[in-house]
Every structure is written in structure tokens, then in C-alpha cells.
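Listed below, chain by chain, are the residues.
Protein chains: 2
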Amino acid sequence: MKKQAIGFIGAGNLAMPIINNLIESGYDLYCYNRTREKLQSVEGKVTIGNNIREVCDHTTIIFSLIADDPGLRKICLSEGGLTSCMKPGTIHVSMSTVSPAIAAELEATHQQKGFTYIASPIMGRPEAAAAKKLGICIAGETIAKESVKEILPEMGAAAVYDFGEKAASANVAKLGINFMIAAAMETISEVFDMVNANGVKPEEFYAMAAQNLFNCPIYKNYGEIILAKKFDTPQFYARLGLKDMILVNEAAEIKEINMPLGKVLKTNYQKVVDMGLGEKDWAVLAVAANGE
Amino acid sequence: MKKQAIGFIGAGNLAMPIINNLIESGYDLYCYNRTREKLQSVEGKVTIGNNIREVCDHTTIIFSLIADDPGLRKICLSEGGLTSCMKPGTIHVSMSTVSPAIAAELEATHQQKGFTYIASPIMGRPEAAAAKKLGICIAGETIAKESVKEILPEMGAAAVYDFGEKAASANVAKLGINFMIAAAMETISEVFDMVNANGVKPEEFYAMAAQNLFNCPIYKNYGEIILAKKFDTPQFYARLGLKDMILVNEAAEIKEINMPLGKVLKTNYQKVVDMGLGEKDWAVLAVAANGE
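Going down the list, the protein sequences come from chains A and B.
Following my numbering, the numbering of the first sequence begins with 4 at its first residue and continues without gaps.
Following my numbering, the numbering of the second sequence begins with 4 at its first residue and continues without gaps.
Since the list can't tell identical chains apart, any single copy or any two copies may satisfy a pair.
In silico BS3-like links for lysine-lysine, alpha-carbon gap of 27 Å or less:
(1) K204 / K136
(2) K116 / K169
(3) K77 / K116
(4) K136 / K232
(5) K136 / K223
(6) K152 / K204
(7) K152 / K135
(8) K232 / K266
(9) K204 / K258
(10) K274 / K258
(11) K266 / K223
(12) K169 / K204
For the record, the hints were derived by calculation from the structure and aren't laboratory data.
Please build the complete structure, drawing on both the sequences and the hints.
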């Protein structure tokens, strides 16, 4: 017997392993994606809706995982979008990395219309989702949040971090983490260039750093990716890195906070996107300063 | 019976626990420091020289740990300095964090005069020295280097990283590490300010980051120091942070390497030093952006 019905909007790189985890766990899944072909691999294992309404008709908890603010706004507020189709009382769990501002706005819109908006952005790449090693931030109304928390481990969460009652707080935390990751990549890139130009092999320098003071997943993984210049198998696109660094800078500017490193990261992601590298892995940031 | 005679020049925060480790290991130590009082705690356990010559007369391996390039230049090249007093064939092990340029220059000067200059800058704070958990970079002439490597664990090295035959390479690597540490502190400082201004408690955000993707000594230690604003018990001075970031930028500029983050770090250390915070712990970088 199948478990409860769950809706899922989106079918990107990160969504697919999560959908597969939910299938394995026996959920009755209703999926929708604007480009239906992206759901091909799960055809027959889930019900694929022709539109958002066909998902809403069968579910009272719907997850969405969308690339950016405009995309999320569209699936929520456009004609035939979630807030015009969901059944009363439905919980919408928004897993996208979006601005705190849109999270606050959509939380209010949902509430006004009798829905609950929970923010639960994801930390981790598709391979971590497949291995159920994701970290997930969560924030929003307490009762709805507790029922969401029961499902997250089956989606691939190894750890769930609760940031309270305001949905936007989860997005603030997620942006903070993405800023830290991008900052680590910028650090690695600059130091590799500096030591290399001064006669020290980056791989020897890196072995020392990753073995000792910087012995943690981010430095180990991205250090290896940058050393090997493995930018062609994107797990997270550089154009999304640019999007996130723009969001980080906006979140700082709106509160008059100085982030000089935040500005460097936005500038350098703009540079790699302008170089036509937006579809590469976001570690391609490494070529912003001194080229390939 | 005492082990071999060893010279040690310098008596700063990091030198003292190293000297104590050598005493415990039974070496016959000849120490010198410009300010003799700083050696008070080891009086009776080591021979304290009145000048550099009195150290040179008794030893053929001399370690030095000095704050900066001018200080190192002085103890090496001034009248009564090492290169005018050392016995032929003496190995001078320079543990200071100095520029690759001065390391290359002094290596040549030593060689011309029949001495060997080994660079072995230290990674770690005084408490790590006391606990024998230091990382030490080393580079220079192979045979001399091997004899130095036998002593380093007794000085407090848990790990020794060999960067080859050119002394300057060890300094390049050390500057790279200090750049990475300062970059991590800048990252932590900026993200704490950003999340805090947007309604997320830095300590909750930090618990997530340090438990997961950034679970390594640098982020854990400096995250706690910055959260608690523990800048008044300096293990490494902010003014030395400025000195090191100037050296990093010079090493990059000399090779025409772009380091935008390097520039941010130099600017912000200059700012805290200008604010009169040069004698605080270098984690005081955290106040550069948005004040205390």
C-alpha cells in the first residue's frame, strides 16, 4: 500500500534524485514540470500532471524545487498556479534557493488564501541527494513544519536545521551557506594561482591544507574539482551561482550591511557568465581571476 | 646527558612554548632575544646569550622566530648578526613568516658565506605549540633539511610539509595558508553580519555550518572566537595579519596574479590597525566591516 499523496513541482538536477528517493519510500507521487520530458525517467512510477491543477487536485502537501525567484513566482501566482488551484489547507513546501524577500511575500499570500508556505531550501549536490546526505534548512508555521519534517529524511535529508517560524529565515541561512561555499572556492582559486606563480605546486599546497586546517567537505571537494578543472559535469550551474550571489548582496544591501567579499563573488560570477561559462559547474569561478 | 646544542633567537608568543618543548626533550639550548626579560621564564634551564655571537659560539644549528622581514634581516645581516658570527657550516633554520623574496635573498647570502638557510615557517597558535600539534612547512638544501626534520617533532610539529629545495617555497606555502585563514575569517564575519541583519541568529547559523560542510578546525575555532568577540587574548596579532596580507599581495603582484579577495583582506586589516586594534587577536578582522 502506498503512503500519502505528495505533489512535486520541478524536475531539475537536484529534483530527480529526490523524486526517486520518494518513489523508493512508497509515496503516491503527483509530479509536474513545465518541460514534461525531464520526468521521462519516472514515467509509470509517478502520476505526471499536465498542469499544476492536476497535481493540486490529488494532494494537500506539495513540494516545489524551482531555479529562481521569477520561476517560483510564476508557479505560485500565475493563472493556473498553486495559489489558485491548491485545496484549502494545503501545505506548499518551497525548496528553492530564492530571496528572503520573495519567501516573506509568498508566505503572506499563502496565508491570506488559507494555505501554508514552508521554506525548506536544500544544501547539497545531486550526488548527495542520491546518497541521502543532504542538509535541509526549514522555517515556517510550526504544525505544518512538523509534518514536513517527517518526510524530509525520506527525500534525502541527513540533517534538518530549523530556523523558526518565519519562512524567509530558512532562505537567509541557505544564502549564507552558498555565500560561504562560493567564498571558499574564490579562496582556493586565488591561493592556487598565487602559490603556483611563486613556484609551489597547487596540488602539494592543497594536500597540506585539506589534510590539516581545512579538512572539511567543502575544501576537499571543491579543491579537487578546481585542481582537476572538472567544470564540465555541472552539479550546480555557474549562472545559478551568479543568481545566488546577487541575492546575497541584495539581502546585505537592504539592511545596509557591508560585504566586500560578497561583491567580489558577484563580480566574478558575472565575469564567468559573461565569458559564456554559465552552464559550467559553479566551481568555474576559478577561471574568473586568471583564466584557464 | 643533554642532547646536541641548539641555538634559538626570538622569544615571542609562539617561540616560548617551542623553547619549552625543546627543554623538555633535553636539548642543550642557547637562547637570545633583544628583550632579555622575555626569556625570564626559562632562566636556569637554558643558556641565555647577551648577544647573537654568544649563541653562535656554541651551536651549529640555530633556529630563529622573528616577527617580520626587517627583524629577520637585522638578526641575519646587521653587525654582530648571524651571518657575521656563525661557525662555518652552521644551519640557520628560519621559522618566521616572511616574504618569499627575503627568503630567497637570505638563502643566497648564507650560501655565499658557507652557511645553510632552511625556511620552516610554522602553522598554528601558541596553544597548538604547547600541545605539539603544529604543522610546519619546510624547504631548502636536502641534507641540512633532513637533520632539521629530526628536531621539528620535538619542537611541537605534528606534521611537516616539505616543499622542496628552494627555501622561499616554504614561505609561499605558509603565506597561502595565512591567506586562507584570513579569508575564512572574512567569510565568517560577513555572513554573520548578513544573517543577523536578516533575522537569523549567527550562533544558530554557525552551528549548522560548523557541523556540516565547514566542519574543520579553522571554521570551528575562529567561528567561536568571532561569535564570542574574544579578541582580547591575542594568540596572533592583527598587526601581523596586516603584515602577512601585505606579503600575500606582494607575492601576487610580483607575478601579475589577481587576488581581489587578497585586496579585501589587506584593506580590512589596514582598517582594524588604523582603528587602533593592531594588538588584538587577528580575528578582530570581524569588526572591520560593520563595527563591534
